[in-house]
Each structure stands twice: as C-alpha cells, then as structure tokens.
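Letter by letter, the chains look like this.
Number of protein chains: 2
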Amino acid sequence: MQRITVAYGDGIGPEIMESTIKILNAANANLEYDVIETGEKVYLQGNTAGISSDSWSYLKNNKIFLKAPITTPQGGGYKSLNVTIRKTLGLFANVRPCVAYTPYVKSYFPTMDLVIIRENEEDLYAGIEHRQTDEVFQALKLISIPGTEKIVRYAFEYAKANNRKKVTCMTKDNIMKLCDGAFHSIFNEIGEEYPEIEKDHMIIDIGAAMIADKPERFDVIVTLNLYGDIVSDIAAQIAGSVGLGGSSNVGEGFAMFEAIHGSAPDIAGQDKANPSGLINGAVMMLVHLGKNEIASKIQNALLKTLEDGIHTGDIYNSQNSTKLVGTKEFTDAVIARLGQKPSILKPIEYSNESKPILLKKYVPKPKLKKELVGVDVFLCWDDQDRDPNIIGEIITSITGIRFKLKMITNRGVKVYPNGMKETFCTDHWRCRFVSIKSMVVDEEEMDLEPIAQSDIVYLLDKIDRKGLDFIKIENLYNFDGKAGYSMGQGE
Amino acid sequence: MQRITVAYGDGIGPEIMESTIKILNAANANLEYDVIETGEKVYLQGNTAGISSDSWSYLKNNKIFLKAPITTPQGGGYKSLNVTIRKTLGLFANVRPCVAYTPYVKSYFPTMDLVIIRENEEDLYAGIEHRQTDEVFQALKLISIPGTEKIVRYAFEYAKANNRKKVTCMTKDNIMKLCDGAFHSIFNEIGEEYPEIEKDHMIIDIGAAMIADKPERFDVIVTLNLYGDIVSDIAAQIAGSVGLGGSSNVGEGFAMFEAIHGSAPDIAGQDKANPSGLINGAVMMLVHLGKNEIASKIQNALLKTLEDGIHTGDIYNSQNSTKLVGTKEFTDAVIARLGQKPSILKPIEYSNESKPILLKKYVPKPKLKKELVGVDVFLCWDDQDRDPNIIGEIITSITGIRFKLKMITNRGVKVYPNGMKETFCTDHWRCRFVSIKSMVVDEEEMDLEPIAQSDIVYLLDKIDRKGLDFIKIENLYNFDGKAGYSMGQGE
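Which chain is which? The protein sequence lines are A and B, in order.
Numbered according to our numbering, the first sequence terminates at residue 494, and the numbering increases by one at each position without gaps.
Numbered according to our numbering, the second sequence terminates at residue 494, and the numbering increases by one at each position without gaps.
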C-alpha cells in the first residue's frame, strides 16, 4: 500500500480532489491518504508560508504529494505556497503535457501534442526584491549551473523515456548573455550526450509566438522559470481549456502532482468545476509510481467520457456535448467507464516498462580561478539636478590608488564619462570601479598587487565619509580570466 | 522640408529601406534624408555599440529616425544597438499595432486589432549581469517610478488620441510584489485620470495565453519591457506575418520608426523581402509628423496592393495571391496604387486633427522618509559540505551589537535557522542582517541609535577579517515606515 499526502486546497479544490480520490479508489489504485491543511486558512492563521510545520513531516515521509489549487490572500506579505514547496523539496522540474482533444474541446491545432519542461526553482521566482531609492525597485534573477544542468538533463531523459524526438531550448540570450547564455550553453553541452534526440534553440519572444501559431512543430520544450510560466499557459490555453491540464513537479527525492489551473473561487462549492486537470495530474502520479495499468485505465475512461459528450460547463458546446453535468455527475461518468477505451480520440497505453526518471546526483565541478577585479557601487543621489558630470567628478576625487572609476550608468546606460545630456536620469546610479592593476598594460607594472575585499571595504568607507549614500554593491570577478560581468550600454 | 535620419541596416535592410524611400518620395512626403552607418559593419570596426559618435549628431538634430533592421554579431560582448539608441534618446514607449489582414494574410482572428505599448528602457534590458560565484549568475531587473509613470500615461494618452476604449495592464505582481506591484499600482493611480477609458489588469502568463487564444478581446495593452517583447511577437505572429508589422519608439524629444522583424540575412540581396513592415513603420512616422494625408495615401495603397493579390513569397498562397513578386515589383505596385483605396479591407483615414502625443515632463515626487534597517550580504561559501547550520553559526558569531542575523537563504529559500536538510544549496548564500533597534519592541530601549552606513562598512570589515568571501550587498530600507524588501521563501 502506497501512502501519499493530499491537500484539498481552496476554492474549487475540495470538490475536484474529492472527485479525483473517488476515481482513484474506484480504479483500485491501492493508495492511502494523509490529508494536510494548506492555503488560505493557514495563511490567515498568521503563517506567511501557508503551510504548518506539522505538515512537512507528511510530505517528507510520503514523498508523493497530490495537491488541489490554493488561494494566496492578496497583500500582507504572503509567500506563494507552491513556490515554497517546490523550492524546499527541490522540485526542480515542472512538466506540463499540452494535448488537443478536438473535436470535443475546440482547438485550432488538432495535432498539437507537446510537453513543456519548466525550471521550477530559480530565476526571478527567488522573490528577492529591494526598493533601493525613492524611485527604483529591483528584483534579482538568479540562474545557477547545478539548477540548469538538472532541468536540461531531466528534459533529455524525459524525451528519451517518452519516446520524444526533439527538445527545443528557449532563452533570451541575445539580451541576457550571462544568465540565459549559461542556460543555452549548458543545453548544448548536455545535448551532446543524447545524439539520438534532435536539438533546437529559439529566442523566447519568437519561440512563444511560434508556440501560439504553430504548436504542432514542437515536441519537448525546456526553458527558464518565467518563460516556462508564460509559454505553458499559452500552450494549455490554445490546446483547449486550461481546466484540463495536469502537471507534475519532480525533484530528486520528491514529487508533487496538481492541476495547472487556479482555485477559481467564483464557482467554488457549486458543483460546477471540471476535475479533469487534477485527474490528469493524478494519472501522471500513477505513472511516476509505476502503476501504469491503472493510469491507462483512468485516462482512457476520462477520454471516453469526453468523447461521449458528457461535459462540464467550461467545455460544454451544442455541437459535441450530449449532456451538461456537474463535478459529481462527471466523476460518476468517468467511474462508469473504467475499463473502456475511446474510439475517436487516441487511447492511452503507458508502457509496462516505464520507470521513474532517476537523475545522477549533481557533482560540483572543479573550481575556476576567481580574481576580484573591481566593484559596482550603486548610489542614491538626487542633488545638483542629477548632473552625471558632477557625481562623476565627486566620485573620481575619492577613487584612491587601488581603483579607477570606469563609468557611471543610470538604468544601464552610460552617463559618465561622455554621456548624452538627453539621457533621463533617475536617483539610482551605478558606479563601476576597476582595479588599477587590471588597467595597466605595461608589463613592468604588473607586479602591482591584485585588489582584495578589504580594498572594497576601504572604498565604501571613503564613500560613506564623503556623505554619499551607497545602496548596494556587486563585486566584479574574472573567472579563469574571463570577465564575469556585462558592459554598460554605450560603453 | 523635414529632415529625417535613415539607416539602411543589415541583411534585407538596404532593400526594404530603398523600397520605403521610393514610396515616400513618390507620395510627395517632402522629406530630406541624412544617411548614417549602423550595425554589423560598425560593430566589426571595433565599436561595441554598433554606432559611431558622428552619427549621434544627426539623430539629435533631426529628432526623427527611420531605421532598417540590423544584425548584432554573435559573441564578443557587442551591445544591442536598438537598446542603446532607445535608452540614450529616452525612447520609453514601443508601440506595436497588430491588425489581421484576412483573407489576404491567413489568421484565425480576422477581427483582431490591438496595440501593444511596451516599456522600452527598463526591466532586465538594462543588461546588468554579474557572475557571482562558480555556480551562480545574476541579472538585475530594475523598475523605476518615473519610467513606469511615463509608459502608463503614454498608453492612456495613446488610447484617447486613437479613440481606443480600453487599456489592459499586464504584470506578474503575484510573484514580484515590489517591482510589478509598483507598475500595477501606478496603472491604477494614473488610470483614475482617464474615467472614459475602461481599465483591466491580467497576470502576464494568463494574459499572454488570452492574447494567443482570443486577441479580439484586447484593445490597448500596456506592460513591462520583457513581457511586452514576448506578447508583441505573439500578437504580430497570430495576426498574420511578422513581416508586415511596423512599430514606433517614442520619447519626450525623439522618435524612431522601424519594422518589427529582424534582418533575415538568409534572404538578403535576393529581392525577396517584404517591405511592408518598414512601410508601416514609415506610415506611423508620417502620422507622428502630422503628415496624415500622405500617411493615409500610402497605407491605403499598401492595402490595395495586398487586396489585389500582389504578394511577396512570405505571404504568397494560391488561394488569394494573383502574382508572386519581389521587393522591387511590390514597391512599384504600391506606387502605382497611390491615391486608390482598398474595397474589401477597411480603408484608413487618419484624422486631420490628430497631433503627436505630448507628455507632461516628469516631476520628481516629494521624498519619502527613508530609514536604513539592515543589509543583505551575499557570500560565496563552499566549505563543510555547504551545511547551512555551520555558516549560520559562523555568521552569528560576528554580528556584533548593531545587527542580528535574521536568516540565511539559498536561491531565495530560507536555510537558516530551521532550514530543511533536503534543500539543495548552491555556493551562493544571502545573509539578512537587521538592526537590533528594529527588533526591539520594548519602548524603553527605543532610544537605541538607528544604524548608519558606517555600521555596514564595519560589518563587511568583520566578515572580511573572518576570511569570508562577500560578493554583493543590498541595503534594506523602510520607506515611510513600509519595508522596502521582500521576505525569504519560508520565512
């Protein structure tokens, strides 16, 4: 008997979870359930993470979590529970199959059948934000090599296990050459280990447009967290209804399965919700657990119910529907069809040989030679009509013997030296200091000492004593002699 | 006689610019042209910005710039010329009308007619990236209040001037509560000044999905730079062909007009390119200059050419095309139709009263009360199996009398105190120090001094002396008593 953790969630969550569990039991999935509280109720008890500490022990012991949608209350600094669970349990891969069910669910793309594999832990979703001045807010986008390697390798392993032919990587590496550039180059590197799978890369804006217009072209797509969030909603939407999609969130040890839609509080408690999304999530869970026969049985019954025109209000239409049903009646219709197969839609048969994908544990790489070569100091400055030449001269006067002021930028555009007077300046200035040593080309002077962290402390001390307001710093490093920082626009 | 600056660009640029200027002249647009060099050639001469300093004087004097697509060479640290021009001249608004031309250009959405107004200077496109450790790369997303106010006000003014009924704002403020939250709340604030226009907000992932699936629902959309980049490509693509779209980039003093497509080097010099995108860009320029009659004349001739089935290869199809033509023959066909109007497609008539949209100059707001309450210090640390409790104890031992260590996070997830042993840790640690004063609730002790910048310098000095490797800091401020920083996941 397999124990799993379940959460009934908020809004329509309890109704669709009840439906899903009823179907799982009717299909003899042989599961036992530990129910935990999550979401709105827990948030409003004052727990900003939306989950009590007791609940974590169930998640950790059972390892498998079937979760209904929850509501995060607006305002009040509540953190997204989904993000917290994914990140704490290391659920690095979000897998979303998007298949068209025409003619029962309308789609312009009847042969569409793609899977989006979205990185789940990093990117702007780390949620690290700072208001730095009266005028400027900042969020950090963080991309790691281990995180990228895991998601890219998972995408190739998934493709291999599911007999998929092609993996397309999407990034914005023409703009973010370091972060997105790293993702793209790791894709190229790891891709070489899978010669049987076709590889492809697209810039995310073009890629999203192509998914919207010609989704049949795609097979497996792997991408960063934010881009994946956007393109997986596009793909689900144009495949038919977001109400039908399930997804899995998979890590090295744990896995969570859910519907892709939200908690839809407007129709909660009215027996109107379509439970197909969570049912599809549960089917992915059964496959993950190796219960492939039961997974096939439930999914085929679901397809047969669709095919028989028994539809909830979200997909009901006069042409293909025979009966408008509520959540409960839909559930009973699926149960009544357990053991049947669809005849127009393609029946599903999960391979008996399919196994959970197991990734090699990440092994840290040999360290690169890291050299400190400068520092970006960000200032809040709002004096003297924000004239870049004035702040430039003040800063130049305190650089000392270790550093040279290379440039000042405002919103990424170089404004000193030789800026353009037309450039609009906020109260937020980035001053790039580089070590004198790194500027010297004359061989004889190369025995200057490299800068140390203590030089940065000393520089900040001078900035402070000058009465300037530093709001943040970013050290500049070379890694194996290669600059680990971008140039300013117009540098 | 109006002087404008033109750049012939790379790839198919010269062919489509030649076509566009021929049409402008044939329509008696009464323009004079100063030609500047941009793009690949300039980059490869060693100018990393892709534009020589001589060229800037033309741009500044003429104020109006018609630009063909350019190629940014791969690798070598070249900065995007488009981004540099937009940012240096303060072209904060990118305006992209996306209209369907069915049946001549295939689209599932024949009544689609929306305009995307994309913030053009900020967001991740500031291009500020740092590799901070062996494992972690970072990009900064920067959102400013003046930048947001300008784009939001422009969107409402554009809607008003173009007789549009509704403006939809798209953000991801459920995740990025500070940055995207600021954008959303400024949209709400400024929206109140336009009671006659309907207002709406959507989360970007749902919004992008809705644009892809039901674009007829939208009228004007205003959004941040990256989201705008993605949704404007989606909208152009599903409207028919990216090859037909023009766009404007508008600032307080300057404006640039271009096609939305790239330089397509694969078909360059073969007389195959469709010049419609740049022609549409030039039409937007004529309207901007108040030459509305000529703008209508050219756009109607272009529509009539489409309607007559005279098509370049990108949109040629046996059902609606009568003749497959090259760039030159297409150009002559448009010129031959100057003065004619389409009879199936809707003819264009730009109002004689339309004027360029002029925005009020941004006036800085009264300063908020800013209080320094702590600092996030980011460390590179790769010892002791990366055990968060070990680094937590080391750090706690050096906090001193000013600060308390509130928490340590890794990729945004709290790992100390009371982290979960399952959380995967990179070599990149964020240590949040808060002032003792801010922790004290006892009234009697409230006469503790608030922390000063010098306390941060002193803290960094201690971290340095302890042999720890700090890679960046972010100061924590309250603004008018409200926290200007996000909590950690699981805090």
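In short, the hints are calculated from the structure, not lab data.
Note that the structure is predicted; figures quoted are calculated from it, not measured.
Accuracy of the hints is not assured; some may be wrong.
Chain copies aren't distinguished; within one or between two, either way the pair holds.
As the list claims (entries may be wrong) - Quick list of in silico lysine-lysine cross-link-like pairs, PhoX-like style, CA-CA up to 20 Å: (1) 344 with 168; (2) 364 with 424; (3) 469 with 25; (4) 217 with 109; (5) 66 with 485; (6) 66 with 275; (7) 370 with 465; (8) 409 with 331.
Taking the hints in turn, this is what the structure says about them:
In this assembly of identical chains, residue 344 and residue 168 lie within 20 Å of each other by CA distance neither inside one copy nor across copies; the values are 26 Å within and 49 Å between. In this homomeric assembly, residue 364 and residue 424 come within 20 Å of each other (Cα to Cα) only across copies, at 16 Å, whereas the closest approach inside a single copy is 54 Å. In the homo-oligomer, the alpha carbons of residue 469 and residue 25 never lie at most 20 Å apart, since the shortest distance is 70 Å inside one protomer and 59 Å across protomers. Taking identical chains as interchangeable, the C-alpha atoms of residue 217 and residue 109 lie at most 20 Å apart whether they share a chain (16 Å) or sit on different chains (13 Å).
For the identical chains of this complex, residue 66 and residue 485 are neighbours neither inside a copy (42 Å) nor across copies (39 Å), given an alpha-carbon limit of 20 Å. Taking the closest pair of Cα atoms, residue 66 and residue 275 never come within 20 Å of each other, the shortest separation being 31 Å inside a single copy and 58 Å across copies. Within a single copy, residue 370 and residue 465 get their C-alpha atoms no closer than 33 Å, and across copies no closer than 25 Å, so neither meets the 20 Å cut-off. In this assembly of identical chains, the alpha carbons of residue 409 and residue 331 never lie at most 20 Å apart, being 68 Å within a copy and 48 Å across copies at closest.
Violation of the numbered hints given earlier is confined to hints 1, 3, 5, 6, 7 and 8; the remaining hints are satisfied by the structure.
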